[in-house]
Amino acid sequence: MLTTSLCLLTLSDGGVFRHSVISQAIELNIPNSAALPSTKTVMPFVFVGDETFPLKNYLMRPFPGNALSKERRIFNYRLSRARRCVENAFGIMAARFRIFRKPITASVETCKAIVAATICLHNFLKLADDAMPPLKRRYCPPGFSDTLSPNGDTILGLWRQEKCALKAVGRFGSNMHTKSAGQLRETFMQYFCSVGQLEWQDHHVLDAGRAY
Numbered sequence: 098m099l100t101t102s103l104c105l106l107t108l109s110d111g112g113v114f115r116h117s118v119i120s121q122a123i124e125l126n127i128p129n130s131a132a133l134p135s136t137k138t139v140m141p142f143v144f145v146g147d148e149t150f151p152l153k154n155y156l157m158r159p160f161p162g163n164a165l166s167k168e169r170r171i172f173n174y175r176l177s178r179a180r181r182c183v184e185n186a187f188g189i190m191a192a193r194f195r196i197f198r199k200p201i202t203a204s205v206e207t208c209k210a211i212v213a214a215t216i217c218l219h220n221f222l223k224l225a226d227d228a229m230p231p232l233k234r235r236y237c238p239p240g241f242s243d244t245l246s247p248n249g250d251t252i253l254g255l256w257r258q259e260k261c262a263l264k265a266v267g268r269f270g271s272n273m274h275t276k277s278a279g280q281l282r283e284t285f286m287q288y289f290c291s292v293g294q295l296e297w298q299d300h301h302v303l304d305a306g307r308a309y
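Residue numbers (the working numbering): 98 to 309.
Hints were generated in silico from the structure; no laboratory data involved.
Distance condition first, Cα-Cα at most 30 Å in a straight line; then the derived DSSO-like pairs of lysine-lysine:
#1 LYS223 x LYS260
#2 LYS223 x LYS209
#3 LYS233 x LYS223
#4 LYS260 x LYS233
#5 LYS223 x LYS199
#6 LYS137 x LYS276
#7 LYS260 x LYS199
#8 LYS276 x LYS167
#9 LYS199 x LYS209
Hey, can you work out the whole structure from these sequences and the hints?
The following block contains the structure:
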């Protein structure tokens, strides 16, 4: 998990990311592209975000709207699966550090220090935990984070039972993007619907009770 010291309350998640050091570094094209598994199609490594973030060559966001084609819904489903890793990371951290269970009454500088310190501790404890056998893990034992069943259903982790004061940010991102970013998203979509497909993705996307 990475952190940035920019914590202006008027910025959305996407705004904070855009002004961060890592965002500026990625703009310099530091990551190298590679071929998608089982193909010769060379694609850049990307981050995943929700509607809060802008669509970039290095940052994928969902297709907007409700009346989407099956292919676009599959892309959104696959993106949501990847974003769940982010949700779990913050959920585990918030469940383990009690300071996040209620609004923090402190100055901006103190809040920045608290967030940076807890992220460092989370990274350290998670790495130490991962080196242990599953039954001996204490920071994130089996069942504490979300897992997937054999048919792709999400089994919610125990961290979700903890109260947390972290709130989801509303939609701030724009649907405007460059042509190249749009083409990259289309290429990922085509890959997810062909050689990169999951056997259960059609079932999840076509289920009337789900929206992606």
